[in-house]
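S.K.: Based on the hints, put chain B in the right spot on chain A.
Line by line, the protein sequences are chains A and B.
For what it's worth, my numbering labels the leading residue of the first sequence as 1, then goes sequentially.
For what it's worth, my numbering labels the leading residue of the second sequence as 1, then goes sequentially.
Some clues are possibly wrong.
Note that identical chains are pooled: a pair holds if it fits in a single copy or bridges any two copies.
Here are the simulated PhoX-like cross-link-like pairs (lysine-lysine), alpha carbons at most 20 Å apart as the crow flies [as the list claims (entries may be wrong)]:
| hint | residue 1 | residue 2 |
| --- | --- | --- |
| 1 | Lys148 | Lys33 |
| 2 | Lys148 | Lys20 |
| 3 | Lys148 | Lys21 |
| 4 | Lys238 | Lys248 |
| 5 | Lys238 | Lys295 |
| 6 | Lys259 | Lys295 |
| 7 | Lys68 | Lys7 |
| 8 | Lys67 | Lys5 |
By construction, these hints were calculated from the structure, which means they are not laboratory data.
Protein chains: 2
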Amino acid sequence: MTGLKEKLNEYIAFTEDNLKKYNAYSENMAAQKNLIDAMNYSLEAGGKRIRPVLVYAFCNALGCDYKKAAAPAAAIEMIHTFSLIHDDLPAMDNDDFRRGKPSCHKAFGEAMAILAGDALCMLPFEVIANDNELSPEQKVRLVSCLAKGAGREGMGGGQVIDMENEERTDVDEANLRNMYHHKTGQLIAVSCMMGCICADADEASIQAAADYGFKLGLAFQIIDDILDVTSTTEVLGKPVGSDEEENKTTFVTLYGVEKAQEIANAVTEEALGCLEKFGNDAFLTELTEMLLKRKN
Amino acid sequence: MTGLKEKLNEYIAFTEDNLKKYNAYSENMAAQKNLIDAMNYSLEAGGKRIRPVLVYAFCNALGCDYKKAAAPAAAIEMIHTFSLIHDDLPAMDNDDFRRGKPSCHKAFGEAMAILAGDALCMLPFEVIANDNELSPEQKVRLVSCLAKGAGREGMGGGQVIDMENEERTDVDEANLRNMYHHKTGQLIAVSCMMGCICADADEASIQAAADYGFKLGLAFQIIDDILDVTSTTEVLGKPVGSDEEENKTTFVTLYGVEKAQEIANAVTEEALGCLEKFGNDAFLTELTEMLLKRKN
Chain A
1 MTGLKEKLNE
11 YIAFTEDNLK
21 KYNAYSENMA
31 AQKNLIDAMN
41 YSLEAGGKRI
51 RPVLVYAFCN
61 ALGCDYKKAA
71 APAAAIEMIH
81 TFSLIHDDLP
91 AMDNDDFRRG
101 KPSCHKAFGE
111 AMAILAGDAL
121 CMLPFEVIAN
131 DNELSPEQKV
141 RLVSCLAKGA
151 GREGMGGGQV
161 IDMENEERTD
171 VDEANLRNMY
181 HHKTGQLIAV
191 SCMMGCICAD
201 ADEASIQAAA
211 DYGFKLGLAF
221 QIIDDILDVT
231 STTEVLGKPV
241 GSDEEENKTT
251 FVTLYGVEKA
261 QEIANAVTEE
271 ALGCLEKFGN
281 DAFLTELTEM
291 LLKRKN
Chain B
1 MTGLKEKLNE
11 YIAFTEDNLK
21 KYNAYSENMA
31 AQKNLIDAMN
41 YSLEAGGKRI
51 RPVLVYAFCN
61 ALGCDYKKAA
71 APAAAIEMIH
81 TFSLIHDDLP
91 AMDNDDFRRG
101 KPSCHKAFGE
111 AMAILAGDAL
121 CMLPFEVIAN
131 DNELSPEQKV
141 RLVSCLAKGA
151 GREGMGGGQV
161 IDMENEERTD
171 VDEANLRNMY
181 HHKTGQLIAV
191 SCMMGCICAD
201 ADEASIQAAA
211 DYGFKLGLAF
221 QIIDDILDVT
231 STTEVLGKPV
241 GSDEEENKTT
251 FVTLYGVEKA
261 QEIANAVTEE
271 ALGCLEKFGN
281 DAFLTELTEM
291 LLKRKN
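Looking at chain A on its own, in the form it has when it is part of the complex (with noise of 0.2 Å):
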């Protein structure tokens, strides 16, 4: 394993680089600078910058340079970053923090944090629009799936069943598989299949990739539920037991933490039996496996 971490840091710093670039402040906006320093505050927050990595990696095991692909995976960070800032909002989450840093609403107060997390949902549109090494057909499809994958059918459908969940008793396995399907699935499925798209892939392809993203995301999400009870909120880098604080149903509330990791275990599995039609592509089974056994 020991290109996985020179290869991911190269896409991180790719990643970074873009978002810098493609919200840059410029004397035209001398009256929006505040607005911009918000959204650059979140953008730069750090965490994993999985999904864009996921675009990048599926691109390149489709063999195509993944420097093609700069447009939809700063996008597709962009449309996380919304979502963290409106996320933790006092109305939604009411999260301080956020990567060890006040969170936006703490750090630029809460009608900024809107209209940042709001902006952030119209600057991917325009990346990908105004990007010079995509082709129209590419864009549009881009979009799209994007959009969906955010939207009311995708994210932001999952943010609402995970609310309303909260006020629920009776949260059974079917309904936690569907919120984890929309609220993390989709926008992990998108990224692999934007990879593809960049790559010109065909539909089979395509479709292999959403599988193993929303694969990935299940698996993603139940270490998360494992990690809640198992970490320390050092390691974690977040509260530990804010699961059982809120009462969430997770995996582990369900099945206890063995059975739990045996899911995300057989989960992980299925998982890399979708990277077959991409050739057992080296990155991405290792990032799959390192993804499974990650402490934080």
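M.R.: Positioned in the frame of chain A, the structure of chain B alone reads:
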């Protein structure tokens, strides 16, 4: 002016049918039903539908069937609706009512209103990308135009300028024009441009349509400033005197009602001048004059 009202009603009815169609509920979204309901609640709240009307009118003025512009016309009304939902939030303008109905967060709760607004940021791009009438090149141009006009360099930036002006005592005409240009002008200009793009207009026509839109948007805002002091809550459909109450700088506070009306008249004349490029289209001419004389 006999044809204006009929044509307006036709355009509005077409818009409202399409909004229903594009945000239709289907059974595979059972878990997200409340989200769809919240989105539709605000989409159905009415209003002048001036943005979609302008999309159709420019498309039609260029000799193209206005129905070809169904998707972008609905898209821009969704963007406008999302901005109203988020504007009304307690952390923003904190308005309990919108067009005589409880605002979205009053009817569905604050978290759902945030998520309904967010979902209405995504659906417009899905609707444009998945349209069957437009070419990929047209779709890419429409997406670019809409995302830019609604984002940090457009409406979103204008909302930030507006918000920050509330803390200032030195707002002058240049600032006010800049705020109106972004907050209102951009989406109006984009509406006009989108109608041209659907009709495959040349760049000079697209630019003339944008110029018209910015001028119309400015006149629209100045009339708003005037109505806030000269109208009644009954006629206006919203509380009058709110600008003074909130210590807002407006064209009326800067110049008084009479001079503000003169400026609105002059800006409307300039807008009408831009219509030369469109053969002084009768519908657009009458619509422009109607908006100047409007009472609410």
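S.K.: Now tell me, hint by hint, if it's right for this structure.
M.R.: Each hint tested on the structure:
no.: 1; hint: Lys148 x Lys33; in the structure: between (30 Å within a copy, 16 Å between copies)
no.: 2; hint: Lys148 x Lys20; in the structure: between (25 Å within a copy, 17 Å between copies)
no.: 3; hint: Lys148 x Lys21; in the structure: between (26 Å within a copy, 16 Å between copies)
no.: 4; hint: Lys238 x Lys248; in the structure: within (17 Å within a copy, 42 Å between copies)
no.: 5; hint: Lys238 x Lys295; in the structure: within (12 Å within a copy, 54 Å between copies)
no.: 6; hint: Lys259 x Lys295; in the structure: within (18 Å within a copy, 67 Å between copies)
no.: 7; hint: Lys68 x Lys7; in the structure: within (16 Å within a copy, 46 Å between copies)
no.: 8; hint: Lys67 x Lys5; in the structure: within (18 Å within a copy, 53 Å between copies)
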